[in-house]
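There are 2 protein chains.
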Amino acid sequence: MDCLATLPGIGRKTAERLALHILHAPDTEARSLAENILALKKNVTLCATCFGLSDRPTCRICSNPARDAGTICVVENPTDMAAIEKSGAFSGLYHILGGALSPMDGIGPDEIRIKELFVRARHRSTREIILATGTDVEGEATAAYIAEQLKNTRICITRIASGVPMGGDLHFVDQVTLQRAMEGRSGL
Amino acid sequence: MDCLATLPGIGRKTAERLALHILHAPDTEARSLAENILALKKNVTLCATCFGLSDRPTCRICSNPARDAGTICVVENPTDMAAIEKSGAFSGLYHILGGALSPMDGIGPDEIRIKELFVRARHRSTREIILATGTDVEGEATAAYIAEQLKNTRICITRIASGVPMGGDLHFVDQVTLQRAMEGRSGL
Chain A
1 MDCLATLPGI
11 GRKTAERLAL
21 HILHAPDTEA
31 RSLAENILAL
41 KKNVTLCATC
51 FGLSDRPTCR
61 ICSNPARDAG
71 TICVVENPTD
81 MAAIEKSGAF
91 SGLYHILGGA
101 LSPMDGIGPD
111 EIRIKELFVR
121 ARHRSTREII
131 LATGTDVEGE
141 ATAAYIAEQL
151 KNTRICITRI
161 ASGVPMGGDL
171 HFVDQVTLQR
181 AMEGRSGL
Chain B
1 MDCLATLPGI
11 GRKTAERLAL
21 HILHAPDTEA
31 RSLAENILAL
41 KKNVTLCATC
51 FGLSDRPTCR
61 ICSNPARDAG
71 TICVVENPTD
81 MAAIEKSGAF
91 SGLYHILGGA
101 LSPMDGIGPD
111 EIRIKELFVR
121 ARHRSTREII
131 LATGTDVEGE
141 ATAAYIAEQL
151 KNTRICITRI
161 ASGVPMGGDL
171 HFVDQVTLQR
181 AMEGRSGL
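Protein chains in written order, with UniProt numbering: chain A, 1 to 188; chain B, 1 to 188.
Possibly wrong hints are sitting among the right ones.
Said to hold, decoys possible - Derived coverage of chain B by chain A (criterion: at least 3 residues anywhere in the stretch with Cβ under 8 Å from a Cβ of chain A; other residues may be distant):
1) 75-85
2) 88-98
3) 159-168
By construction, these hints were calculated from the structure, which means they are not laboratory data.
None of the values given here were measured: they were computed from a predicted structure.
All residues carry an ideal CB built from backbone N, CA and C; glycine is no exception.
Could you put together the complete structure from these sequences and hints?
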């Protein structure tokens, strides 16, 4: 129970419930859970190209010849990559920074995988780098830093659109987003 | 109490609390409340130009010479106008449609103030019409309809940007918004 309670979002009561469930579950179920936990730590590593989570040296996306290798979408975390992947709007490759620049927390360009991105950017096939870091201060600063560093290359540097989310009423949207939506308006 | 309970968001308990408050409040406060309610109904009308709420025939925004009369921002409701106004991102005039096209609910172009917009669009000074209707199905359809009707004019028709709202993590954003953000990406 003490061990289960160390997991995020699981308190004393839930830990007790889980422990009792495992106690009453068949042997095979308990063994499968234990083995999967060990396998997770053993098998999941970072892809050597994009630094996403992978169970092989090069992940399924980076090694898929059907993906457009000329476009690299830069995200902060594997969860962001999963969200974009789920939306189906992107068919290129990813680059997971592993965080965003945050000088206040001591996170500079060397603490996240920006150098590795620049190495990939020098590759002949790279045509476009889409900056899909978060829209908070750190994410914006990271996007601005990368764009600045790559501005004198032949690569097209783009930023995902910020504006009003879909299905929303305008008056539920915050003021900064409305400003962005107004500034970023485009011809129809 | 029955009367107060007809207001939206006010149930029996709150109505009782409000009624008791008014009972114990000084005469002047109760009279001021009553008079303001009457004045609200008597004085607030729709602006003859933009159809926003106003206490005079032409509202403060439409009659303000400092506003750019060449740009008209089209919104569904007065609350949307208030939201954009608060964001400070727009210094032109507004046009309040009073709803969005919704054929399922019997709301066609004649039920909202689209004709009045076309009259304003014909005015010589109008340079740009910004479609800031909602990002739900009805709002998008309304924007598409207006853009289609005005496509053969010299006016620039623009749509506010839809995408990731500010300050957000990508993985909290829905898939359709992520698709839009990816499609709407722009060069840095």
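Violating hint indices (sorted, rising): Violated hints: none; all satisfied.
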